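Participant: Chain by chain, the residues:
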Amino acid sequence: MKRKFIVCDPYKCVDCSICELACSAIKEGVFNPLLSRIHMVRIEPEISMSIACCLCQEPDCVKACPKKALTQDETGLIRVHTVGYKCDGCGCCIAACKWGAIALHPKEGVAMVCDLCEPNEPECVKACPKEALALATIVEVARESEKEETAKILKEVFKDSGNL
Amino acid sequence: MFGYTGKILYVNLNTGKTKVESLSEEFCKKYIGGVGFATRLLYDNNKPRMDPYNPDNTLIFASGPVGGTLVPTGNKYSVASKSPLTGFIGDAISCSFWPRELKAAGYDALVIKGRADKPIYLFIDDDKVQLKDAKACWGKSPIETEELIREELGDAFVRVTAIGLAGEKLVRFACISNDSGRHNAGRTGLGAVMGSKNLKAVAVRGTKTIQVANLDELKQICYDLYEKAQGPATDKYRILGTPQNLLVFNRLGCLPTRNWQQATFEEAEKVSGEQMLENFVTNIPACAGCPIACEHVCLVKDGPYTGTQSPGSIDYETLYALGPNCGIGYFPAIIKAAVLCDHYGMDTISTGLAVSWAMECYENRLLTQTDTGGLELRFGNYEAYLQLIDRIAHREGIGDLLANGVKRASEQLGKGSEHFAMHIKGLELPGYDIRGLKTAALGFAVTARGGCHNRSGAYEFDIGGVVDRLKAEKDRGKLAMESEDYAAVFDSMVLCKFIRRCFKDFYAEAARLYTLVTGFKMEAGELRKAGERIINLKKAFNIREGWTRKDDRLPPRVMKDPIPDGIAKGSLVTPEEFDVMLDGYYEARGWANNGLLPKQKLYELGLDDIAEKMGV
Chain Z
1 MKRKFIVCDP YKCVDCSICE LACSAIKEGV FNPLLSRIHM VRIEPEISMS IACCLCQEPD
61 CVKACPKKAL TQDETGLIRV HTVGYKCDGC GCCIAACKWG AIALHPKEGV AMVCDLCEPN
121 EPECVKACPK EALALATIVE VARESEKEET AKILKEVFKD SGNL
Chain R
1 MFGYTGKILY VNLNTGKTKV ESLSEEFCKK YIGGVGFATR LLYDNNKPRM DPYNPDNTLI
61 FASGPVGGTL VPTGNKYSVA SKSPLTGFIG DAISCSFWPR ELKAAGYDAL VIKGRADKPI
121 YLFIDDDKVQ LKDAKACWGK SPIETEELIR EELGDAFVRV TAIGLAGEKL VRFACISNDS
181 GRHNAGRTGL GAVMGSKNLK AVAVRGTKTI QVANLDELKQ ICYDLYEKAQ GPATDKYRIL
241 GTPQNLLVFN RLGCLPTRNW QQATFEEAEK VSGEQMLENF VTNIPACAGC PIACEHVCLV
301 KDGPYTGTQS PGSIDYETLY ALGPNCGIGY FPAIIKAAVL CDHYGMDTIS TGLAVSWAME
361 CYENRLLTQT DTGGLELRFG NYEAYLQLID RIAHREGIGD LLANGVKRAS EQLGKGSEHF
421 AMHIKGLELP GYDIRGLKTA ALGFAVTARG GCHNRSGAYE FDIGGVVDRL KAEKDRGKLA
481 MESEDYAAVF DSMVLCKFIR RCFKDFYAEA ARLYTLVTGF KMEAGELRKA GERIINLKKA
541 FNIREGWTRK DDRLPPRVMK DPIPDGIAKG SLVTPEEFDV MLDGYYEARG WANNGLLPKQ
601 KLYELGLDDI AEKMGV
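The listed protein sequences correspond, in order, to chains Z and R.
Residue 9 in this note's numbering sits at position 9 of the first sequence, and the numbers go up by one each step.
Residue 433 in this note's numbering sits at position 433 of the second sequence, and the numbers go up by one each step.
Hints were generated in silico from the structure; no laboratory data involved.
Bear in mind that the values here come from a model prediction, so they are computed numbers and not experimental data.
Errors might be hidden in some of the hints.
Stated by the list, open to error - Listed next, the in silico DSSO-like pairs over lysine-lysine satisfying Cα-Cα at most 30 Å (straight line):
1. R:Lys270 - Z:Lys159
2. R:Lys521 - Z:Lys152
3. R:Lys19 - Z:Lys86
4. R:Lys19 - Z:Lys107
5. R:Lys301 - Z:Lys107
6. Z:Lys12 - R:Lys132
7. R:Lys236 - Z:Lys152
8. R:Lys219 - Z:Lys155
9. R:Lys208 - Z:Lys126
10. R:Lys128 - Z:Lys126
11. Z:Lys155 - R:Lys19
12. R:Lys301 - Z:Lys159
13. Z:Lys4 - R:Lys219
14. R:Lys236 - Z:Lys12
15. R:Lys208 - Z:Lys27
16. Z:Lys126 - R:Lys132
17. Z:Lys107 - R:Lys7
18. R:Lys301 - Z:Lys155
19. Z:Lys126 - R:Lys228
20. R:Lys19 - Z:Lys12
21. R:Lys208 - Z:Lys107
22. Z:Lys12 - R:Lys219
23. Z:Lys27 - R:Lys219
24. R:Lys208 - Z:Lys98
25. R:Lys228 - Z:Lys12
26. R:Lys270 - Z:Lys107
27. Z:Lys4 - R:Lys228
28. R:Lys128 - Z:Lys27
29. Z:Lys107 - R:Lys219
30. Z:Lys126 - R:Lys301
31. Z:Lys27 - R:Lys236
32. Z:Lys27 - R:Lys19
33. Z:Lys126 - R:Lys236
34. R:Lys219 - Z:Lys126
35. R:Lys7 - Z:Lys27
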């Protein structure tokens, strides 16, 4: 519950995909959305948001890996191992992730997962021009939307009083 | 190469053969990309004075050096060909994911020649280029075409740019639409050139990477620009969008109404940007790589057109041309008309002006109800106007005449209708009443592609109060020139003009961006000169097609009918005033008084080959 991950506010997201380019730039030093650890989702014409690893409590990707190449560390981050129990790019984790947050590295053929750019600030959050992305816990997200919803209800209830 | 992919793809539709050529550093620095590349490639690949529908007429798509990187608004592409509407150079710009995908596939530009013997679409899958059967998409809208192609290829991430029915029917102002019909390379009828080649669409899938010369510094500059793009520099585009112009122009008395008979619209409040935002806008997304977000997607929620949703933004020019210009004050009808234009793939400005020209003909009894096939084409009759748009796209009845644009239509009809055919060089005019915006009158008259607010921003001097907009002076020539060169650099980088106010010193900052991206050293002065070179090159193309000074003209109405209403009442541009400004423009450009290009000027710009061919 205390783990922070990349959260996208769909009301602020404009689908510019700048997060994808910023991610590929910081991780690989080049621009290519296919090398991004965050993924833009666009359902025409109205829904837009970006999704990265949610650091699930009981991650399906880890369970699904037949090679035991994925583990979750104590901070919640998913680690893809390339030595020992080695990722062979079978894609089971990609299929298992219900968020669609994992992708296959097109050149190296191993799974790519968001690592929050630790120990630095996440590059996508820094780049997002609309401040739609944030590093937050699920509790914080819930509290924000709770506040918004409450404000909406209060406005509706007291709309004639002139006090709000 | 950094920034650039360094490659141009040539496709011959006659034979299906392709070849790839490399770009040189010299070519890149001289022509930058986008419009600059497209103009040079068109000049080199086209034979003079051929019919625009001749299979040998080259169709070019070109992206810019900053596309696909973090540079804000850099994902744009230019399309160029000889225009079926003007007979001169036709170039149009569109944006978002398609141009980025073209670069990811490994090409800066795509040069298409020839004509396929049956409808096809081009599929560029990185290095693999195929011509594929487009029978299933023929007759379909750009959006449907994209869906069908994605389904056929089994790849939801293929990016598609396509024509609609209008392009197939050779409507002379058909456009090319990409990314679910949200963005259009709208002007000068390049969709018809695509149609004449039996080329329904260009689908692209690219997996390659783009590298830049100095990532760290570039990133910092880009992030700063993103921040500026959330401030007052882009307020207009983010909040109300360009429709903000409508009420402003109405107040200034430069909102062309009823085919330019008036310059204010009594129902302007009903079709304003404010109305649009409050009642119709559902979402405001952005293009790929754009920190501004200006696409005001509209939905009609009640009335006879309930459920009509625009695939992309409704912008000022669409609103003006299909609204006040046709005397229409019912917003849902304008959205419906815009959606019809998107469905068929037609330029909304030219469509609006063709319709309004027909309405004025009808009201003056130059066209009767028999001619119009029963349509009562009075100004404001939106039911008739929607039917007319259908007929234009299908080239049915009166629609067949209008599908040729107002220049040809008025020449064919005669009876004095040329007087109110509102075009320059055959390109229908955007929504600025230039009778009361005299720098703009000059700017629009001289642009190579015809009456256009995107290739010349000269109206900014008038509307911004930099000059007295009702006065014509010789030194307006210099302003018009600077505005054109500036636009040419934007269109070649390619950057969106909506970000222009985020730059303090555009040439210096853009040159820096260029250097950081490409690694090629570029100075502000050099970049400015590239803009001038590109404008001269466009002019050279037009001269080769038979351009003379009398083609830089204003429509008769602008020179004869004074504005009857609003605060600019009484204003017009007399032929004498216009000549003074035009002389000033040619002088500022260093051109001969007849507008031809002196050898010395061309050598100075490094256009030696053209100097030898046509320099005077």
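Participant: Sort out which numbered hints this structure fails and list those numbers smallest first.
Facilitator: 2, 3, 5, 6, 8, 10, 11, 16, 20, 26, 30, 31, 32
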